[in-house]
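The two chains are supplied separately, each in an independent frame; assemble them into the complex guided by the hints.
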Amino acid sequence: MLLPHAQTLAQARSFVAALADRALTLEASSAYERALLELDRVHGDECPALDTEDLTDDRDILLAVASNAIEELESYGIDPLSVELILAMLVDAHDLDIG
Amino acid sequence: MYGENGAQMRTELAALLRQHRIMRRLAEDSSAERAAAGQQILRYRQTIVVWCAQAIGLARPLTFPNIPQKPADPFRAASDHGAAVAELARALQGAREQATTRPASSEEFTTPSANTVVEHWRLAARAAALAEHDTAPDQAIHLTAAQARTIAGDVAAISQALVVLDRRYRNTPGWEPLAGCDRLGWAALATALDVSLGQPDYSVDQTGWRPRTKPIGGPAKPGVLGVLQAEHNLLVRLASFPDAMNLRLVVDSQRLLSAGLAPYAERIDPDLARQWRARAETYSRIQRELRNVGGRLGNGKAAAGEAANAVSRLKALPPETVVEPRMLGGFQTLFRRLDSRITEILECGVERGAFVQRVTVPRLVTGDGRLVHLVRERFVPVARAADLAVIRTAREHLRPPEEPSVSSAGTSRADLHAALIHRPPAKGAQSDVPGL
Numbered sequence: 001m002l003l004p005h006a007q008t009l010a011q012a013r014s015f016v017a018a019l020a021d022r023a024l025t026l027e028a029s030s031a032y033e034r035a036l037l038e039l040d041r042v043h044g045d046e047c048p049a050l051d052t053e054d055l056t057d058d059r060d061i062l063l064a065v066a067s068n069a070i071e072e073l074e075s076y077g078i079d080p081l082s083v084e085l086i087l088a089m090l091v092d093a094h095d096l097d098i099g
Numbered sequence: 001m002y003g004e005n006g007a008q009m010r011t012e013l014a015a016l017l018r019q020h021r022i023m024r025r026l027a028e029d030s031s032a033e034r035a036a037a038g039q040q041i042l043r044y045r046q047t048i049v050v051w052c053a054q055a056i057g058l059a060r061p062l063t064f065p066n067i068p069q070k071p072a073d074p075f076r077a078a079s080d081h082g083a084a085v086a087e088l089a090r091a092l093q094g095a096r097e098q099a100t101t102r103p104a105s106s107e108e109f110t111t112p113s114a115n116t117v118v119e120h121w122r123l124a125a126r127a128a129a130l131a132e133h134d135t136a137p138d139q140a141i142h143l144t145a146a147q148a149r150t151i152a153g154d155v156a157a158i159s160q161a162l163v164v165l166d167r168r169y170r171n172t173p174g175w176e177p178l179a180g181c182d183r184l185g186w187a188a189l190a191t192a193l194d195v196s197l198g199q200p201d202y203s204v205d206q207t208g209w210r211p212r213t214k215p216i217g218g219p220a221k222p223g224v225l226g227v228l229q230a231e232h233n234l235l236v237r238l239a240s241f242p243d244a245m246n247l248r249l250v251v252d253s254q255r256l257l258s259a260g261l262a263p264y265a266e267r268i269d270p271d272l273a274r275q276w277r278a279r280a281e282t283y284s285r286i287q288r289e290l291r292n293v294g295g296r297l298g299n300g301k302a303a304a305g306e307a308a309n310a311v312s313r314l315k316a317l318p319p320e321t322v323v324e325p326r327m328l329g330g331f332q333t334l335f336r337r338l339d340s341r342i343t344e345i346l347e348c349g350v351e352r353g354a355f356v357q358r359v360t361v362p363r364l365v366t367g368d369g370r371l372v373h374l375v376r377e378r379f380v381p382v383a384r385a386a387d388l389a390v391i392r393t394a395r396e397h398l399r400p401p402e403e404p405s406v407s408s409a410g411t412s413r414a415d416l417h418a419a420l421i422h423r424p425p426a427k428g429a430q431s432d433v434p435g436l
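Residue numbers (my numbering), protein chains in the order written: chain A, 1 to 99; chain B, 1 to 436.
What the hints contain is simulated information worked out from the structure, not anything from laboratory work.
Be a bit skeptical, because a hint or two may be false.
[What the hints assert, rightly or not] Partial pick of chain A residues on the chain B-facing surface, computed with a CB cut under 7 angstroms:
#1 A17
#2 T25
#3 L26
#4 E33
#5 L37
#6 D45
#7 A49
#8 L87
[Claimed, not checked] Far from chain B by the CB rule (all over 12 angstroms, computed), these chain A residues:
#9 V16
#10 E27
#11 I61
#12 S82
#13 A88
[Said to hold, decoys possible] Over the 12 angstroms line for every Cβ pair with chain B, so calculated as not near, a few chain A residues:
#14 L36
#15 L50
#16 D57
The structure displayed is predicted, hence computed values, not measured ones.
The beta-carbon is built from N, C-alpha and C at its ideal position, and this holds for glycine as well.
Isolated chain B (complex conformation) (with noise of 0.2 angstroms):
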């Protein structure tokens, strides 16, 4: 996720900024050791400012200047001058093309080191590497522009500490300064304030790359366990489309489970009790309005199967059976993945024509000449979907309602920006004792 490799990222980073005196903390007389070490960090540093040109190719077309646009004139290439963002792009492709350290390889970055600079480093390379994952162009599809402005604004500020590192490093033997070290502070500097005219949009870090769910293997666990984990495996095994009967299937089973757990859930929390014997009935309808819905692209064989499962492992309850409020938590979680994954098929199918419409048989081809006379017939293509009653009872009533996502800066942000204007105290002054 973009959010915690994000903020390693910049803890790193801010932590290496409250760090002084950096030449006696390398190695302590060996130049030779210094300059080993200043090489493993360089290539650390490549590694952050590959990320960080890669980032930032991705926000700049979502990223818009703030200064008005000129009318275009069409005798003239289009320019975007004073875009802060294409200048910090351009600083940062500059750094990277005219390093000639390579980045650091993937045994680098999985090997701790015993000086705490050069691991600040590797942690924050690590991180930037991963990081790689979270700004990749599959991903880049999802982003808001708000989005990409907050991308911007990290990659500014995470830049702005390169520069800032740079500065402090250059004493060390055989180090390559960031090339055009200036421009790039500027232009960061630029883009921050840029950024900060819009209103950022923190959800980005819910985005980026996961690892995928896969379906828990094995026998069945015993009890309401096996319930769940039938749950848990249909809603995995729908990421397959389904066609429409096998739909119809685990339709049915999602009313069965949900009346069936119903009373489990009443004795512990009435109100969930209550949501849940709704859940059936929108679901019986559902099932209802899919009998004249018919299509046979999709699979979804597997997930049917899971369906049946957890019914059958529902029945299997003995009746005096306790539901602990943890479990009951993780169905509502499955059901409202469930419900809004259902709810997408349903309007996916139709929209590209997976799900048909049977309808009455208009009439019959008459004198066409043949002996039999054939149904004309029998399916039509849905021409918009809110026609269908069924997907606008799932647009009602089973998708479930949006949660606010808790979208804060987070404290890394804050904290790097406090660490790039961090300085070391005054000499003499013995901050750790209280004063006398």
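Bound conformation, chain A alone (with noise of 0.2 angstroms):
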């Protein structure tokens, strides 16, 4: 994994991470939780370390830059079908999380 690749994946895991953590829901928070796993294993667990401290509140905000730091890994060769089900799987819990 090249630093780029590293940086955004990086980025990815923190907004999701943040969207979990910050989600009103357990539901919606587990929800969040499973994408970051699904972020994971189509990297075989091997990511750079995320740190959520000093990211926004709001949900909204969070949830544009994530979907456009997952959308951008396919430009590292990441699989675009599984960005693509990532990206789903995101807008599923944000959907439970707004209820």
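Below you can see the structure in the form of structure tokens.
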């Protein structure tokens, strides 16, 4: 994994983790967690560390930047179908979150 | 379990010790029948002697003589004169090796006898054969010195019973007395006295061989039972070490389960519901802290599957379902065991390096002469387990408090000791009839 890929992945992980932390219900938090797990699984658990400190509390902004970072992973050779699936999981989790 | 087999042995031996006038009990008149029963009893007794010799061999390295140690003399071989346990072990070994009778076969253990005396011997011998499982060397590594002392005391009492019975059966045709019977009796007495100087630990009764817990197979049970089934299977599957990702899935399932079951428990036991909500909180915290822990050793796919089963079955429950208190108790037991197992997995995984910590990239290796700079390090092994936040959380919040184990001596020990000094009622006395 090269540096730009690692940076993007670290951002994607951090944003999804922040979404999981800031979700209002346990189910939504768990759904975000599973999206994060899927992201890790696609990379064979070879991921950089995440850091959710100093991120915004606005979940819409977080969702937008998370989706953006995940989409960007496609350019580093990640299977496009996996990327789409993760995005779909993220949207489902967001639906659960806003009720 | 050692408690069950030991108690059975002592109960049967106590019953035998209370029988007097053995010749008439073995067979009415026929000398040949008495000899045949005697031979059978000898084989059963040999099995008990074999167990005694094995068990004292197990307890011996863990029991220490109560006499103060003399300063070691480097020019002499170490000797432990005066250690009663060593003497008992030697006497039992002698009795075992010098006997010409073979131990009973498995067929003899399982064939009931019409004669009550032989039947008591059979049951005692069967328990002794089963107890060989409980005092096998692989179980011994878990014993403490106090537990070993208890085993030594039990062997001493049983040996004493064998000595008393040997004297009583001497007139049986073809009887083979125990080799070194007197020495064995004294050694058993000395061991019992020596053991009584320390504080025995009867929790040894809970140790030993147990049947393996198996997953509950078959189709999903209806309703809450299905959730219980999946949770039980999850616990069984977690016996194999999961990798970090599957562990995260299991942890996620547990927080969903605890939080999902809390409303059902609320109607019956609000206190339990509060505990389960706290458990869900703890698991949320662990989940957060596990995000930066990785590791590919282990498997745990089956465990993750069962965890998913439990959650999906819980979600399918209609909200008006009534969960009986017994099932709540079942969940609580399973939760406790799972918590302790997950704590163990975390501790053990960090200790043996199966789980590593993701760290923020410290720096790039620049100037190594290559065009592309690689990220230098992404994982570091954890130097000290307590450095990880997840380990601290597991230790402080997840690990269930130790349950106080009930460890009393049980009635069988007292009963055997009473039977050892049992005296037959005096001739002519009719104890069964109330006196006028």
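A quick look at each hint next to the structure:
1. Given hint, A/A17 at the interface with chain B, holds; its Cβ is 6 angstroms from that chain's nearest Cβ, closer than 7 angstroms.
2. About 10 angstroms separates the beta-carbon of A/T25 from the nearest beta-carbon of chain B, more than 7 angstroms, and the hint is not met.
3. Restraint check, A/L26 versus chain B: the minimum CB separation of about 5 angstroms is within 7 angstroms; hint holds.
4. This hint holds: A/E33 has a C-beta 5 angstroms from the nearest C-beta of chain B, less than the 7 angstroms allowed.
5. Given the 7 angstroms rule on beta carbons, the hint for A/L37 holds: about 6 angstroms separates it from the nearest Cβ of chain B.
6. Given the 7 angstroms rule on beta carbons, the hint for A/D45 holds: about 5 angstroms separates it from the nearest Cβ of chain B.
7. Hint status for A/A49 relative to chain B: holds, with the closest Cβ pair at about 4 angstroms, below 7 angstroms.
8. Contact between A/L87 and chain B, as hinted, is not supported at the beta carbon level, the nearest pair being about 20 angstroms apart and thus beyond 7 angstroms.
9. Under the 12 angstroms C-beta cut-off, the non-interface status given to A/V16 relative to chain B is violated; the minimum distance is some 10 angstroms.
10. Not every CB of chain B is more than 12 angstroms from the CB of A/E27 (nearest about 7 angstroms), against its label as outside the interface.
11. Chain B leaves A/I61 outside its interface by the beta-carbon criterion, the shortest separation being 21 angstroms against a cut-off of 12 angstroms.
12. Non-interface status of A/S82 relative to chain B is upheld: no Cβ of that chain comes within 12 angstroms, the nearest being about 15 angstroms off.
13. Here A/A88 stays apart from chain B, with its beta-carbon at least about 18 angstroms from theirs, past the 12 angstroms limit.
14. At roughly 7 angstroms, the least C-beta separation between A/L36 and chain B is not larger than 12 angstroms, which violates its mark as non-interface.
15. Not every CB of chain B lies more than 12 angstroms from the CB of A/L50, the least distance being 6 angstroms, so the non-interface label is violated.
16. Look at A/D57: its CB is around 16 angstroms from the nearest CB on chain B, clear of 12 angstroms, so calling it non-interface holds up.
In this structure, the earlier hints numbered 2, 8, 9, 10, 14, 15 are contradicted, and the remaining ones agree with it.
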